[in-house]
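K.L.:
Residue-level listing of the chains:
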Amino acid sequence: MAQAAIELIGINKSFGAVRANRDINLEIARGTIHGIVGENGAGKSTLMSILYGFYQADSGEIRVGGQPASIKTPNDAIALGIGMVHQHFMLVDNFTVLENVILGAESDALLKRSIAKARSELERLEREYGLEVDPDAIIEELPVGLQQRVEILKALYRGAEILILDEPTGVLTPAEADHLFRILRQLKEQGKTVVLITHKLREIMAITDTVSVMRQGTMVATRETKKTTVEELAELMVGRRVLLRVEKGEADAGAIKLAVKNLTVKDTRGVTMVDDISFDIRAGEIVGIAGVAGNGQSELLEAISGIRRAVSGSVMLDGKPIDLTGAADPGELRDRGLAHVPEDRHHVGLVLAFEENENSILGYHDDPRYLKGPFLNIDAIRNDAKDKIAKYDIRPADCRLKTANFSGGNQQKIVLAREMEQDPGVLIVGQPTRGVDVGAIEFIHKRLIAMRDQGKAVLVVSVELDEIRSLSDRILVMFAGRIVGERGPEASEGELGLLMAGVEHQEAAQ
Amino acid sequence: MSTPYAKLPAWADYGLIPVINLFVAFVVAGFVVLLVGENPFRAAVILVEGAFGKGTGIAFTLFYATTFIFTGLSVAVAAHCGLFNIGTEGQAYIAGLGIAVVCLSFDSVLPWWLTFPLAIVASAVVGALWGLIPAYLQAKRGSHIVITTIMFNFIAASIMVYLLVGPLKPAASQAPQTRNFFAGAELPKLNWIIELFGAKIRSAPLNISFLLALIMAFLVWLLIWRTKLGYEMRTYGHSPKAARYAGISETRIIITAMMISGALAGMMALNPVMGDQHNVAIDFVSGAGFVGIAVALMGRLHPIGIVLAAILFGMLYQGGAELAFEMPAISRDMIVIIQGLVILFAGALEHMFRPYIQALFASFSPRSVGMEAVKGKGA
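Line order of the protein sequences matches chains U and G. Residues in the first sequence are numbered consecutively from 1, following full-length UniProt numbering. Residues in the second sequence are numbered consecutively from 1, following full-length UniProt numbering.
Hint data in this document are derived by calculation from the structure and do not stem from the laboratory. Note that the coordinates shown come from a computational prediction; the quantities given were computed from them, not determined experimentally. Errors might be hidden in some of the hints.
[As the list claims (entries may be wrong)] Lysine-lysine pairs mimicking DSS-like chemistry, simulated, CA-CA at most 27 Å apart: (1) LYS248(U) x LYS200(U); (2) LYS241(G) x LYS228(G); (3) LYS402(U) x LYS189(G); (4) LYS200(U) x LYS117(U); (5) LYS402(U) x LYS372(U); (6) LYS200(U) x LYS446(U); (7) LYS200(U) x LYS227(U); (8) LYS266(U) x LYS140(G); (9) LYS54(G) x LYS241(G); (10) LYS386(U) x LYS402(U); (11) LYS241(G) x LYS386(U); (12) LYS228(G) x LYS386(U); (13) LYS140(G) x LYS391(U); (14) LYS241(G) x LYS402(U); (15) LYS189(G) x LYS372(U); (16) LYS266(U) x LYS54(G); (17) LYS140(G) x LYS228(G); (18) LYS188(U) x LYS200(U); (19) LYS226(U) x LYS200(U); (20) LYS226(U) x LYS248(U); (21) LYS188(U) x LYS248(U); (22) LYS241(G) x LYS140(G); (23) LYS386(U) x LYS446(U).
[Unchecked claim] Some, not all, of what chain U presents toward chain G, calculated at C-beta under 7 Å: (24) PRO74; (25) PHE89; (26) MET90; (27) VAL92; (28) ASP93; (29) THR96; (30) VAL311; (31) PRO342; (32) LEU362; (33) PRO374; (34) ALA380.
Cβ coordinates follow ideal geometry from the N, Cα and C atoms, glycine included.
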């Protein structure tokens with residue numbers, strides 16, 4: 001085994017009573033790609049934040065290149081050759097690539113000289129690692145995949161020998177992810193060390209040399225990737241056997257519940273985001289919409305649920321039209337049996353500052369069950385919340401706890417419990433398991449299938465192709481605001497991936 | 001990454017932290033007093049004795065507090081709906097007009113207990129209408145409420161100046177104010193309550209609108225935490241997107257919240273106008289609307305906190321006046337500096353000591369801070 005690039009010895013970190021990292025030992029060999037997997041809250045981010053200088057470990061030692069290192073700030077980490085690519089990019093949107101790369105690492109008081117110097121350095125890096133990006137492009141005009149390359153360039157420009165990537169493929173198409181992996185392999189061949197944090201086990205299998213699994217703040221195992229399996233890793237992460245693919249019977253599709261015809265939606269800038277889309281959803285089936293984030297799925301969901309105004313087209317709910325031009329009232333649609341689990345539970349589906357029980361009536365606060373005249377019926381609301389907590393196994397089981405203090409998976413369960421327990425005829429769900437840990441994913445998927453089997457019409461939008469394939473009875477693929485194909489659940493990932501990248505669509509257009 | 005600190009127990013959150021902030025504010029103020037060559041300890045004694053030492057002082061403190069309870073509640077109601085109502089000053093000022101109309105019309109005909117309810121309604125309606133216009137502009141046109149309410153303060157002031165030096169001024173008078181009200185528009189004093197406890201009161205303006213302020217504090221609590229409307233306001237205040245999702249009309253909720261806020265601001269005018277001066281004079285609000293912002297922030301937007309913060313500011317006003325009188329080196333401006341320091345530490349720098357206190361609590365008794373419920377968000 002090669003010499004260790006990083007050694008973490010006996011790292012402990014507590015936030016109050018929460019022991020985010022307990023006695024972590026980890027050795028990352030130089031010139032390898034090392035994966036770290038674990039559920040949300042397992043302590044991966046905390047560990048990497050300690051390595052990158054955001055937090056200080058309570059005890060333990062970090063060695064970089066064999067030497068004990070004291071990393072108090074990200075600048076210390078950068079000086080030691082550690083670079084980090086964050087899940088949410090840290091780029092200035094209206095700056096050029098070049099300006100972003102030198103930001104904070106300007107070599108001269110005058111920008112012009114720094115830029116000239118950076119340009120030649122950047123060209124060298126791009127050549128060396130196959131990271132082609134136009135240095136003069138404005139960030140906000142670049143696709144996400146290229147923005148991520150800029151983040152990598154930033155780290156390399158600062159002399160990173162060790163690159164940490166936090167959930168790098170969450171926003172990428174399968175093709176873009178493949179390209180990223182090629183870049184990572186090239187970095188490895190050049191002797192760089194890559195640490196990949198992810199919850200996607202397939203990626204771990206595809207690219208890493210070694211993988212470490214974290215659970216509840218401890219490092220439970222480190223395996224050579226060649227010698228492990230997805231099933232073993234999932235079991236290590238959760239601590240029990242997990243069904244990665246939910247089992248379901250044949251769909252028994254009935255009457256059309258939701259009919260979307262020629263729907264066109266523009267965003268606030270006036271750009272057409274949903275372009276003349278038509279589809280139906282029948283009772284007792286799950287229709288999945290696959291696509292890379294930003295291809296109009298969000299706008300489609302918002303238009304159907306009455307949050308966003310549509311430009312043209314029609315949506316029929318149980319054969320009766322929804323008023324789309326006047327921005328239909330989401331409350332009225334709820335009364336008509338259309339429930340919506342929004343993509344963004346932090347800002348839309350929940351009010352994080354509220355107590356759990358207050359969120360369990362959001363959108364249904366007009367329901368006479370929860371009211372006494374103009375007053376809230378606090379007892380009824382809390383009892384109702386307690387019932388849902390029990391039924392959906394929401395933890396901790398405290399309806400007075402602030403919603404922000406629940407984990408991502410439990411927050412999602414709060415939203416799902418609220419929407420499903422209203423017994424809607426149509427359920428539309430955006431990103432059902434984003435940021436949700438493996439154990440909760442299984443629970444949520446089973447619930448969605450159960451809804452289907454009760455004869456509800458379910459629309460699922462997700463950027464997770466696995467999820468779409470596992471849940472859907474029919475798969476629609478969205479690209480650039482259009483539905484570019486419909487496939488059955490047996491469609492291969494490669495086929496769907498091509499559709500999501502717009503390949504077939506572009507060929508057809510030519 | 002979620003915050004590494006969790007919530008504190010309520011008593012520390014609402015009690016300990018404000019007390020520490022206040023203490024620091026007074027320490028810094030003490031240095032200012034020292035700088036002008038006076039003894040800060042003696043100044044503190046004078047301040048507190050001036051405010052609470054004698055019956056008259058207490059009555060004055062509570063009189064000022066009454067005003068600040070109304071304006072603090074006004075700011076808080078808007079703030080719960082995510083709106084920063086800087087226009088409390090103007091809404092209170094223009095509401096003086098509504099009171100003037102009621103009082104000048106009925107003060108020789110009706111007894112106070114009939115004039116008072118009419119004046120309450122008039123002040124609330126006028127204040128609410130003055131809040132309605134910026135609210136409508138915000139809801140329908142996106143004009144920022146901070147800007148429009150500031151502008152409306154100036155408009156209100158100009159209108160009042162015009163009316164008080166013109167149409168509302170008795171012809172024979174030179175003072176820019178209405179004629180003095182008759183007994184039918186004078187609110188009964190509450191000084192006897194303090195006298196029950198054995199204190200002597202010479203003359204002080206504490207009046208029945210103090211009780212109205214306390215009732216309003218209770219009603220605001222009821223509104224915000226116990227009604228559907230309050231629930232909708234808080235939803236919108238925390239997340240307009242969540243409100244849209246929940247089917248809450250943006251226009252309706254902004255306008256409703258601002259009208260309630262304006263109405264509370266308007267009722268503030270009852271205290272000085274009917275309780276003390278018995279006329280509507282120029283600049284009778286004199287900054288109470290802006291103090292209301294500090295009171296609301298310091299009271300953490302909760303009616304109980306607002307009542308306590310209002311009493312604190314009442315104390316600063318009354319004790320400060322005594323201080324300026326007793327210590328010639330300390331002018332009225334110095335008092336404003338001390339008040340400013342309190343606002344700075346209790347309002348603007350409210351979170352300065354919080355992380356340290358939370359860390360302290362966490363190290364002593366982790367369970368008390370509810371840490372077990374909080375998980376750092378993973379990768």
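K.L.:
Could you work out which earlier hints the structure fails to respect and list their numbers in ascending sequence?
P.N.:
3, 4, 9, 13, 15, 16, 20, 21, 24, 25, 26, 27, 28, 29, 30, 34
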